[in-house]
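Residues per chain, in single letters:
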Amino acid sequence: MPTLERHDEVFVLDLGDTENRFHPDWLAEVDGLLDEVERAEGPRALVTAATGKFFSNGLDLDWLSTHGDRASEYVVSVHELFARVLSLPMITVAALQGHTFAAGAMLSLAHDFRVMRADRGFWCLPEADINIPFTPGMSALIQARLSPQTAHESMTTARRYGGQDALAAGIVDRAAGEEAVRETALEIARSLAAKAGPTLGTIKSRMYVPALNALRDKDNPFG
Amino acid sequence: MPTLERHDEVFVLDLGDTENRFHPDWLAEVDGLLDEVERAEGPRALVTAATGKFFSNGLDLDWLSTHGDRASEYVVSVHELFARVLSLPMITVAALQGHTFAAGAMLSLAHDFRVMRADRGFWCLPEADINIPFTPGMSALIQARLSPQTAHESMTTARRYGGQDALAAGIVDRAAGEEAVRETALEIARSLAAKAGPTLGTIKSRMYVPALNALRDKDNPFG
Amino acid sequence: MPTLERHDEVFVLDLGDTENRFHPDWLAEVDGLLDEVERAEGPRALVTAATGKFFSNGLDLDWLSTHGDRASEYVVSVHELFARVLSLPMITVAALQGHTFAAGAMLSLAHDFRVMRADRGFWCLPEADINIPFTPGMSALIQARLSPQTAHESMTTARRYGGQDALAAGIVDRAAGEEAVRETALEIARSLAAKAGPTLGTIKSRMYVPALNALRDKDNPFG
Numbered sequence: 021m022p023t024l025e026r027h028d029e030v031f032v033l034d035l036g037d038t039e040n041r042f043h044p045d046w047l048a049e050v051d052g053l054l055d056e057v058e059r060a061e062g063p064r065a066l067v068t069a070a071t072g073k074f075f076s077n078g079l080d081l082d083w084l085s086t087h088g089d090r091a092s093e094y095v096v097s098v099h100e101l102f103a104r105v106l107s108l109p110m111i112t113v114a115a116l117q118g119h120t121f122a123a124g125a126m127l128s129l130a131h132d133f134r135v136m137r138a139d140r141g142f143w144c145l146p147e148a149d150i151n152i153p154f155t156p157g158m159s160a161l162i163q164a165r166l167s168p169q170t171a172h173e174s175m176t177t178a179r180r181y182g183g184q185d186a187l188a189a190g191i192v193d194r195a196a197g198e199e200a201v202r203e204t205a206l207e208i209a210r211s212l213a214a215k216a217g218p219t220l221g222t223i224k225s226r227m228y229v230p231a232l233n234a235l236r237d238k239d240n241p242f243g
Numbered sequence: 021m022p023t024l025e026r027h028d029e030v031f032v033l034d035l036g037d038t039e040n041r042f043h044p045d046w047l048a049e050v051d052g053l054l055d056e057v058e059r060a061e062g063p064r065a066l067v068t069a070a071t072g073k074f075f076s077n078g079l080d081l082d083w084l085s086t087h088g089d090r091a092s093e094y095v096v097s098v099h100e101l102f103a104r105v106l107s108l109p110m111i112t113v114a115a116l117q118g119h120t121f122a123a124g125a126m127l128s129l130a131h132d133f134r135v136m137r138a139d140r141g142f143w144c145l146p147e148a149d150i151n152i153p154f155t156p157g158m159s160a161l162i163q164a165r166l167s168p169q170t171a172h173e174s175m176t177t178a179r180r181y182g183g184q185d186a187l188a189a190g191i192v193d194r195a196a197g198e199e200a201v202r203e204t205a206l207e208i209a210r211s212l213a214a215k216a217g218p219t220l221g222t223i224k225s226r227m228y229v230p231a232l233n234a235l236r237d238k239d240n241p242f243g
Numbered sequence: 021m022p023t024l025e026r027h028d029e030v031f032v033l034d035l036g037d038t039e040n041r042f043h044p045d046w047l048a049e050v051d052g053l054l055d056e057v058e059r060a061e062g063p064r065a066l067v068t069a070a071t072g073k074f075f076s077n078g079l080d081l082d083w084l085s086t087h088g089d090r091a092s093e094y095v096v097s098v099h100e101l102f103a104r105v106l107s108l109p110m111i112t113v114a115a116l117q118g119h120t121f122a123a124g125a126m127l128s129l130a131h132d133f134r135v136m137r138a139d140r141g142f143w144c145l146p147e148a149d150i151n152i153p154f155t156p157g158m159s160a161l162i163q164a165r166l167s168p169q170t171a172h173e174s175m176t177t178a179r180r181y182g183g184q185d186a187l188a189a190g191i192v193d194r195a196a197g198e199e200a201v202r203e204t205a206l207e208i209a210r211s212l213a214a215k216a217g218p219t220l221g222t223i224k225s226r227m228y229v230p231a232l233n234a235l236r237d238k239d240n241p242f243g
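Protein chains in written order, with my numbering: chain A, 21 to 243; chain B, 21 to 243; chain C, 21 to 243.
One chain only, chain A, in its complex shape (with noise of 0.2 Å):
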């Protein structure tokens, strides 16, 4: 299950040592630990990092498989979790220690930055080769991240991206040794945790209002 702890001003919040699936009793935990870090006041920034083999490997397919009749319930709160950190008034970092797919690719691309292992562990966009299109919301929020060239390879493709390879793409900001990304993504958080607040807020959701539109259009999540 998720954690969160607070160092000065940076809250690291840990996804969890599994393949940290987005299962509901997940999604309720990460948001009320978010609902603390937008609480705190003053300059903050977060870490959002993960333990073990794997950053996230997205949607909990599991538990969807046997709660079909629940699916655009389940989509929603994914998209909602999105755009809240596409939207977060203050700098956030994803730290990529291991595999980071699919919606867990696409949360690591609400975060302001991404560090990525260099040496071990794929970041990809698996969903042409498992056949679940991206949501509109989805896609609006790759490519609003991804250069043309990298959103339409890493989407049309699904290239499992090493940590170079990622950050030659643009996809990540940093590659960094096993033992470096955690603290290389606090670093950053903590050289700009005093840009939190609501001007921020407001930079980041007028850059991003198509995608944060999409991703929060309630009635219809899969277009």
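In short, the hints are calculated from the structure, not lab data. You may find that some hints are simply not true.
Said to hold, decoys possible - Ranges of calculated distance between the beta carbons of each label pair, as one might list FRET restraints: (1) C/GLU58 with A/GLY221: 48 to 58 Å; (2) C/GLY221 with B/GLU93: 23 to 33 Å; (3) B/ALA60 with C/GLU207: 46 to 56 Å; (4) C/GLY221 with B/ARG90: 48 to 58 Å; (5) B/PHE242 with C/ARG90: 34 to 44 Å.
Stated by the list, open to error - If you want the footprint, here are the derived chain B segments under chain C, 3+ residues with CB under 8 Å: (6) 141 to 149; (7) 175 to 188.
Virtual Cβ for every residue (Gly too), placed ideally from N, Cα, C.
Assemble the complex: chain A is given as a structure, and chains B and C must be docked to it using the hints.
Just chains B and C, lined up with the frame of chain A:
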């Protein structure tokens, strides 16, 4: 005239061995060959190539100069070709062995990937020089596929990009020797033939909603 | 105060030798000089330059602090300047010999190309630091001209980019020694003067429809 061959899972559409301008008969021919590609089932991919000095020089301005009354209908049919290739439910690769100009360059951008001859031939959008502004649909297509910096330079200056320049600008994905252009495109296509299917079609259609809408606006193709 | 000189086919607009903030009188002066540039005929291009330590520091916050009641009208006039330069029917090059901050940086992005001094001076969007969120029009302009990664970093972190940093991030097209900044801009402008004309104006206007619409929204400049 265009021809179609199949090499295992890869269809090769050869645009011809002339300037390969978009005469209405040529457009109808290409459309029919794409029908054949779409009707096929299972893993498959498309390589669009040509023979000789030109990939394509784009609109058939000679024909257009004597059929001004059909300009609107003609541009609609060119837009339809772009929209069709842009949303084809399989991986598409353009093998640019020769000059790729104007609407020929736009057709190349409607493909998923581009391989360009490294040592000879230019990719160029000469519209600013020949006093033919991009239609809104063309503009949307080009801007959806290129970085803002490259789209701006290529659209406002009519710069002729050699293979290495085009690679550096992110216009093409690979530059290769003359002999290797088509083979490189075939390799990319073969390696991604398994992605073919309606999911990939949906992914592309959702990624390019604004460009596809502009290209499919039959009432007002000139904006 | 701004001045205008003509060197053969190239107009040089010098923004001044102070901080070159956008006082209403300065805006009116620049607008009048741009009228002169637009009225000219035949091949021509525009270089926007300045003298001294600053290209421009942007909005005149001193004036604004004593004219709060005219804030809306003032921002509309700044938006109009951006929209006008962004759609000018000739090639425009900004020669950034000194600090280029906030709305000064946005003005530079409204030009087709930017040449920046390599060894000194910063290009910076400090809005996140000074608690002035970008208006929707400003946000649209910046995001239309920069890659998603660069737009995000520059808009959320107030990073100060030196010339080489700005070149690497694709903010400017060239970095040059102090003495060479203006000459490099003049060379680019001269080489592209023949592109001037209504076709180029239409091309730019169609490329930037969303940004131009946001910048020309006089009823609601603050979103």
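Do the hints match the structure? See the list:
In this structure, C/GLU58 and A/GLY221 break the distance hint of 48 to 58 Å, their C-beta atoms being roughly 40 Å apart. Under the hint 23 to 33 Å, the C-beta atoms of C/GLY221 and B/GLU93, about 27 Å apart, fit the expected range. For the pair B/ALA60 and C/GLU207, the supplied restraint of 46 to 56 Å holds, since their beta-carbon distance comes to about 53 Å. Distance hint for C/GLY221 and B/ARG90: a CB-CB separation of about 27 Å, inconsistent with the stated range 48 to 58 Å.
A beta carbon spacing of about 40 Å between B/PHE242 and C/ARG90 agrees with the range 34 to 44 Å that was offered as a hint. Coverage of a stretch by a chain is defined here by at least three residues with a beta carbon nearer than 8 Å to that chain's beta carbons; for the segment 141 to 149 of chain B and chain C the count is 3, and the condition holds. For the segment 175 to 188 of chain B, the stated coverage by chain C holds: 4 residues have a C-beta nearer than 8 Å to a C-beta of that chain, and at least 3 were required.
In the structure shown, a violation is registered for the earlier hints numbered 1, 4, in ascending order.
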